[in-house]
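Residue numbers (the working numbering), protein chains in the order written: chain F, 38 to 223; chain W, 31 to 589.
Just so you know, the hints here were simulated from the structure itself, not pulled from any lab data. From the three backbone atoms N, C-alpha and C, an ideal C-beta is built for every residue, glycine too. Don't take every hint at face value.
No farther apart than 25 Å at their CA atoms in a straight line, the calculated lysine to any residue pairs in the SDA-like style are these [what the hints assert, rightly or not]:
#: 1; chain 1: F; residue 1: K149; chain 2: W; residue 2: A583
#: 2; chain 1: W; residue 1: K440; chain 2: W; residue 2: V60
#: 3; chain 1: F; residue 1: K57; chain 2: W; residue 2: K440
#: 4; chain 1: F; residue 1: K155; chain 2: W; residue 2: I565
#: 5; chain 1: W; residue 1: K50; chain 2: W; residue 2: I565
Covered stretches of chain W (in silico footprint by chain F; criterion: 3 or more residues with CB under 8 Å from a CB of chain F, positions within the stretch not fixed) [unchecked claim]:
#: 6; segment: 201-208
#: 7; segment: 464-473
#: 8; segment: 542-548
From chain W, some residues computed to sit far from chain F (all C-beta separations above 10 Å) [as the list claims (entries may be wrong)]:
#: 9; residue: V120
#: 10; residue: L144
#: 11; residue: A314
#: 12; residue: H404
#: 13; residue: Y489
#: 14; residue: V573
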Amino acid sequence: MSLEAPPSGWIHKKIARDEKGWIIAATVVCIAMFFWMILWHVYGKQNPSSVTYYTTPEEFTSLTNSFIEQNQIGEDNGIPVVMPKPESDVFLLAQMWRWSSVIVLKKDEWYKFHISSKDVMHGFSVQPINMNFMVFPNYDYVLDFKPNKTGEYMIVCNEFCGIGHHLMIGKIVVIEDENELANYGY
Amino acid sequence: MSTFRTCDITGFKVDNTTEKLFRLNAVFAVVSLLIAALGAILLVFTRWQDFHVLSSPWYYRIIGLHGVNALVFWIVFFEIAGLYFGSTVVLNSRFCAPKLGWLSFILMATGFILTDVMILSGNADVTMTSYVPLKAHPLYYLGIILFAVGALIGVGLFFGNAALAKKEGKVGKTLPLFTYALMAAAIIAVLTLLSGALVYVPTFLWSLGLVESIDPAWYRLVWWGFGHSAQQINVCAMVGIWYLSVRLVLGGSSINEKVSRVAFLFYILFISIASAHHLLVDPAVSSTWKVWNTSYAMYLAVLASMIHAFAVPSSMEAAQRRLGHNKGLFDWLIKLPWGNPAFSSITLAIIGFGFIGGITGVIYGMEQTNIIVHNTLAIVGHFKGTVVIGTTLTFMGITYYLVPLMFRRKIVAFKLAKIQPWMFFFGIALLAIGMIALGMFGIPRRHYDIAFTGGPFTYDFNLASGFVWVLFGLGGILSFLSMLIWILIIVVSVFFGPRVNGPQDMQLAIAAPLGEETTPHKRKYEAPGTLVLTIIFLVTFLVFYFLNWKWLAAIWEIQ
């Protein structure tokens with residue numbers, strides 16, 4: 038009993054067949070979920086990366102600045118627009134309360150993103166596909182992305198980063214052909 | 031020398047110190063809950079941007095206020111009261127060190143006031159998680175530390191009380207299941223509060239300028255050792271109350287106590303580091319680390335909850351069948367005392383905890399599916415299911431018993447009390463499901479303006495979200511009203527309610543224990559109705575499981 042000590046012999050009481058059946062079913066589901074995560078690394082196509090480098094805000098800022106210099110093709114509302122080559126490194130710096138550049142990507146091509154913060158933690162949330170990762174200062178999170186659809190995507194910050202948190206929005210544009218750039222005003 | 035009274039309703043001896051400290055902690059719990067609820071309604075009407083009542087600085091401030099009062103102060107004050115109750119009254123024993131009990135309370139009360147004052151004065155706009163390098167005023171961290179130290183002393187007193195009861199021969203070899211559950215909660219509380227000290231003490235020193243910097247990845251790792259484990263204390267206490275209420279209302283118990291007790295052991299052994307599921311999309315930790323530490327190969331903490339998911343309803347079913355409600359699969363379910371507000375609260379809490387909180391929690395806590403929900407409103411919807419419908423509704427429900435037993439007052443407006451749990455359940459369910467749907471659209475949590483007015487770009491979230499915001503708002507209003515009703519009923523009862531002078535004044539039944547079954551039943555299954563219910567649960571889980579993986583598979587490729 039919940040308020041009294043259990044009756045003697047409680048420890049030897051046989052588990053009822055329905056309870057036993059349920060526990061076995063639940064155990065199978067629990068073990069399956071563990072293997073599912075591992076199998077998704079083998080057969081699935083969406084897996085967080087395990088690659089992170091230590092960095093500093095100074096180092097990452099200078100990496101980002103030279104990345105922008107090499108790849109800039111224009112400007113959008115005061116924010117540089119860059120078009121890196123497929124398979125290349127992309128540096129994205131988050132800071133209160135902006136993303137360092139608008140990035141133009143090609144559909145079905147891989148890009149190696151490096152994401153870090155200049156100040157506090159931020160959240161890298163790409164909409165409307167709803168893909169979310171954390172951004173830390175002092176850590177360079179390396180994530181390989183391959184966009185599967187053309188169009189305009191927004192980078193929303195979804196980790197509270199101070200009083201202007203809700204002003205922090207960036208952009209990624211995915212194109213198939215460079216002719217499409219004009220559609221976005223670039 | 032401790033003095034006590036013998037309860038004329040339950041026959042338990044109630045130590046005077048326990049009674050006083052219980053009452054004080056419970057009152058502070060309700061005050062914290064009121065602050066949390068007032069914050070909540072402001073947040074609902076701010077996020078629902080047709081109203082947008084708060085300014086942005088106040089929105090972020092109230093986010094912190096609501097979080098820390100709802101998730102820390104309300105729950106821990108209540109749990110300390112519960113730990114004292116479970117380690118003295120239930121064991122017919124005395125309070126081991128009254129002076130330390132007072133010290134614990136004074137520290138907790140000071141910490142509570144200091145923290146809330148720092149938040150409201152704008153000195154701690156860091157939200158509840160206070161991720162470094164966001165920095166608050168040192169007194170904010172000090173407030174949390176004082177509260178945690180007080181709580182740690184309270185947990186220590188629980189162990190002291192239990193040891194004293196054992197020494198004085200008040201308990202035999204085995205603790206009652208309710209106290210056993212509290213013991214599990216207390217053990218997890220020690221681990222939790224030590225993690226809290228490990229993260230808040232250096233952060234406090236850093237805010238004073240005595241420590242140069244705090245590593246953000248380290249902070250998140252250790253903070254969640256505190257933040258998540260804290261919720262596991264709630265789960266143990268809550269499930270303990272579920273078993274307690276089956277005993278109080280029906281006289282029944284777990285159909286196999288060994289199974290229930292092993293499940294609590296799993297919580298202790300496997301939850302602390304499983305807080306890794308908060309770091310699934312973080313840099314600095316690898317996939318191997320994430321997959322292993324969220325699951326230990328077989329999700330044993332989840333399994334523990336699955337075991338209780340059968341054990342608690344089957345204890346109701348077995349008791350009901352012995353009481354004569356033996357027709358078909360669900361006669362026992364229909365004939366449950368749904369008009370008893372404590373019982374309805376607890377049963378609704380079980381449903382909400384499982385179907386809303388549990389299903390989403392397990393799916394969102396897997397490494398890859400976390401990508402499509404992390405830091406969206408879906409996460410908040412998940413823990414509205416676990417902490418608000420699960421823990422808070424359970425605690426609110428059992429209070430309907432504790433007011434007459436420990437405050438010796440009748441419940442006023444009893445008819446209103448009967449409908450209050452249903453209002454709260456439907457309100458929070460609507461709010462939580464609304465949040466989960468909004469999170470599916472990608473709408474972030476803790477965000478003042480999802481139209482990004484004043485930002486370099488604007489964005490319109492899925493147009494269907496407009497309709498969901500209305501559901502969210504209605505859920506918020508309904509649950510806020512029922513919360514106010516509960517607080518009013520409890521406060522008026524405690525201070526002005528008619529006195530309870532004996533069993534004739536009890537509005538809620540206390541059943542005699544059913545004891546061992548002498549003549550074995552002839553059913554093939556112990557609890558066939560429960561088995562059907564749990565299968566429905568499992569099927570619902572699997573449907574949402576595969577839907578989420580399907581949604582994940584539609585996004586960009588990531589490696």
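Evaluated hints:
no.	hint	verdict
1	F:K149 <-> W:A583	20 Å, holds
2	W:K440 <-> W:V60	18 Å, holds
3	F:K57 <-> W:K440	42 Å, violated
4	F:K155 <-> W:I565	50 Å, violated
5	W:K50 <-> W:I565	45 Å, violated
6	201-208	holds (count 8)
7	464-473	holds (count 3)
8	542-548	holds (count 3)
9	V120	6 Å, violated
10	L144	22 Å, holds
11	A314	5 Å, violated
12	H404	4 Å, violated
13	Y489	4 Å, violated
14	V573	13 Å, holds
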